Amino acid sequence: GDSVTQMEGPVTLSEEAFLTINCTYTATGYPSLFWYVQYPGEGLQLLLKATKADDKGSNKGFEATYRKETTSFHLEKGSVQVSDSAVYFCALSLVGGADGLTFGKGTHLIIQP
Amino acid sequence: EPEVTQTPSHQVTQMGQEVILRCVPISNHLYFYWYRQILGQKVEFLVSFYNNEISEKSEIFDDQFSVERPDGSNFTLKIRSTKLEDSAMYFCAGQGLATGGINEQFFGPGTRLTVL
Numbered sequence: 193g194d195s196v197t198q199m200e201g202p203v204t205l206s207e208e209a210f211l212t213i214n215c216t217y218t219a220t221g222y223p224s225l226f227w228y229v230q231y232p233g234e235g236l237q238l239l240l241k242a243t244k245a246d247d248k249g250s251n252k253g254f255e256a257t258y259r260k261e262t263t264s265f266h267l268e269k270g271s272v273q274v275s276d277s278a279v280y281f282c283a284l285s286l287v288g289g290a291d292g293l294t295f296g297k298g299t300h301l302i303i304q305p
Numbered sequence: 024e025p026e027v028t029q030t031p032s033h034q035v036t037q038m039g040q041e042v043i044l045r046c047v048p049i050s051n052h053l054y055f056y057w058y059r060q061i062l063g064q065k066v067e068f069l070v071s072f073y074n075n076e077i078s079e080k081s082e083i084f085d086d087q088f089s090v091e092r093p094d095g096s097n098f099t100l101k102i103r104s105t106k107l108e109d110s111a112m113y114f115c116a117g118q119g120l121a122t123g124g125i126n127e128q129f130f131g132p133g134t135r136l137t138v139l
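Each protein sequence line maps, in turn, to chains A and B. If you read the first sequence in the numbering used here, its first letter stands for residue 193, the second for the next number, and so on. If you read the second sequence in the numbering used here, its first letter stands for residue 24, the second for the next number, and so on.
Chain B extracted, bound-state conformation (with noise of 0.2 Å):
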């Protein structure tokens, strides 16, 4: 069965630092997102990807962030200036056409990022 995977499953990083979260969702999605969840928290949605742009974002998708897809296969998450705040797990979530008005989403097993 197609998964998404998910690199690094974890990475630690300097405040300050920019930091590339990599995930290939799986091939025939269209729609692509990224959350993170702040230990103990709930899961935030940050963006979502549609057709090479961005179609939706929350508050907390900053200037500091950026998504991209450059080839077809890797979806990205790029954070320019990392701050302690930034500290969580990221999931990225893949989603096909909506099959009998059902939009499942199928997640990563997700980064986690440490920020020292």
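The following block holds chain A by itself, in its conformation from the complex (with noise of 0.2 Å):
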């Protein structure tokens, strides 16, 4: 079945240093890849997206691209802040269906001042 791979966490850094969230996938289509973010005590927002190979999703200087070789969607930040501290999921749909979304497990990003 279709699954996602994420780096497991914590992941904790300094401000303004280089942020990258690994993410792998296993899909029998061709899947859309997400990035959702989730801040304490809060639901899932959508981070951004990317629908084919080498799409690059971006958002609040967060970027990802979708290699398909690789099957892989991580998640890259030049330069982070601690307002950026959240638990962030990579996730997979098949395009142009109505199933579920597969998550992975979750990283949780810490930022220290």
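Note that these hints are calculated values from the structure, not bench results. Predicted, not measured: the structure shown is a model, and the values here were computed from it. Note that CB positions come from ideal geometry on N, CA and C, so glycine has one too. You may find that some hints are simply not true.
[Claimed, not checked] In silico EDC-like cross-links for lysine to aspartate or glutamate, where the CA-CA straight-line distance does not exceed 16 Å:
#1 LYS101(B) with GLU76(B)
#2 LYS252(A) with ASP276(A)
#3 LYS248(A) with GLU261(A)
#4 LYS106(B) with GLU24(B)
#5 LYS244(A) with GLU127(B)
#6 LYS248(A) with GLU234(A)
#7 LYS65(B) with GLU200(A)
#8 LYS297(A) with ASP86(B)
#9 LYS269(A) with GLU207(A)
#10 LYS252(A) with GLU268(A)
#11 LYS65(B) with ASP194(A)
#12 LYS260(A) with ASP246(A)
#13 LYS101(B) with ASP86(B)
#14 LYS101(B) with GLU41(B)
#15 LYS80(B) with GLU200(A)
#16 LYS80(B) with ASP291(A)
#17 LYS297(A) with GLU200(A)
#18 LYS101(B) with GLU91(B)
#19 LYS269(A) with GLU208(A)
#20 LYS106(B) with ASP86(B)
#21 LYS65(B) with GLU234(A)
[Said to hold, decoys possible] To list a few chain A residues with every Cβ distance to chain B over 10 Å, as calculated:
#22 GLU234
#23 SER277
#24 THR294
#25 PHE295
Dock chain one against chain two, each of which comes alone in its own frame, and use the hints as you go.
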């Protein structure tokens, strides 16, 4: 079945550091890929998305590129802020379908001032 | 901007009791979902709902669970006889027609269910 694997957390960085959170996937079809963010005490918010190979999703300084050859969708940010502290979930869904999202386990990011 | 709402934000119940979690999706959405997140774990898909019937369900969604869209606006998840292990955050989500091949789901803020 479909699955998403994320790097284990927590990830602790200093403010202004470079961030990478790795995400790889397995899928039976051609999925859309997503990053969701969950701030403390809140629900899931879509951070960015990509629908086909080599697409780059971006939002709030975060980027992720859909790499079909390596089945990856790594999340990056050049300079993190304390306010980026949250749990980040990589997820996939089959294009055009109404099936549920398959989430990774989430990576807890802690940014220290 | 339209948003998904869920009530209540927190529900405490005794083991064996029935609970109904409520969601109001965005009005022009067509597909509806329930997910749960046990504390500290990943978000898990429970069920999807389209055209007034279940279109897909996971292994978690057993006979104790049911979903309904009774009046065209609310979308409910019922747990018939709650167990301790049902304690989790439950998220509702909705999706419109896929645009440009991107089937984006919009999530509500969640209902925290605590079973004692």
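Evaluated hints:
1. Between the alpha carbons of LYS101(B) and GLU76(B) the distance comes to roughly 15 Å, so the proposed pair stays at or under 16 Å and holds.
2. For the given pair, LYS252(A) sits about 10 Å from ASP276(A) by alpha-carbon distance, which is consistent with the 16 Å threshold.
3. This hinted pair checks out: LYS248(A) and GLU261(A) have alpha carbons roughly 15 Å apart, not beyond 16 Å.
4. A C-alpha spacing of about 37 Å is found between LYS106(B) and GLU24(B), which places the hinted pair above 16 Å, so the restraint is violated.
5. Of the pairs offered as hints, the one joining LYS244(A) and GLU127(B) holds, with about 14 Å between alpha carbons and a cut-off of 16 Å not exceeded.
6. For a cut-off of 16 Å, the pair hint linking LYS248(A) to GLU234(A) is broken: about 26 Å separates their Cα positions.
7. Restraint check for LYS65(B) and GLU200(A): satisfied, since their Cα atoms lie roughly 12 Å apart, inside the 16 Å limit.
8. For the hint linking LYS297(A) to ASP86(B), the alpha-carbon distance of about 26 Å lies beyond 16 Å, and the restraint is violated.
9. Between LYS269(A) and GLU207(A) the CA atoms are separated by roughly 11 Å; this keeps the pair inside 16 Å, and the hint holds.
10. Taken as a hint, the LYS252(A) and GLU268(A) pair is honoured in the structure, with Cα atoms around 11 Å apart against an allowance of 16 Å.
11. With a C-alpha separation of about 15 Å, the suggested pair LYS65(B) and ASP194(A) falls inside the 16 Å cut-off, and the hint holds.
12. Distance check on the hinted pair: LYS260(A) and ASP246(A) sit about 8 Å apart at the alpha-carbon level, within 16 Å; holds.
13. Pair hint LYS101(B) plus ASP86(B) holds up; C-alpha atoms about 10 Å apart against a cutoff of 16 Å.
14. Between LYS101(B) and GLU41(B) the alpha-carbon distance is near 7 Å, which keeps this suggested pair within the 16 Å criterion.
15. About 28 Å separates the Cα atoms of LYS80(B) and GLU200(A), which puts this hinted pair outside 16 Å; it is violated.
16. Annotation: proposed proximity of LYS80(B) to ASP291(A) holds, straight-line Cα distance about 9 Å (limit 16 Å).
17. The straight-line distance between the Cα atoms of LYS297(A) and GLU200(A) is roughly 8 Å, inside the 16 Å bound, and the hint therefore holds.
18. Pair hint LYS101(B) plus GLU91(B) holds up; C-alpha atoms about 8 Å apart against a cutoff of 16 Å.
19. Distance restraint check for LYS269(A) and GLU208(A): the Cα-Cα separation of roughly 9 Å lies within the 16 Å cut-off, and the hinted pair is therefore satisfied.
20. With a CA separation close to 13 Å, the supplied pair LYS106(B) and ASP86(B) stays within the 16 Å bound.
21. Straight-line distance between C-alpha atoms of LYS65(B) and GLU234(A) comes to about 15 Å, which keeps the hinted pair within the 16 Å bound.
22. Some Cβ of chain B comes within 10 Å of the Cβ of GLU234(A); the nearest lies about 7 Å off, and the non-interface call is violated.
23. With a cut of 10 Å on Cβ distances, SER277(A) stays outside the contact zone with chain B, its closest approach being about 16 Å.
24. Distance check for THR294(A) against chain B: the nearest CB is about 7 Å away, which does not clear 10 Å, and the non-interface claim fails.
25. For PHE295(A), the shortest C-beta to C-beta distance to chain B comes to about 4 Å, within the 10 Å cut-off, and the non-interface label is violated.
Hints 4, 6, 8, 15, 22, 24, 25, counting from the list given before, are not met by this structure.
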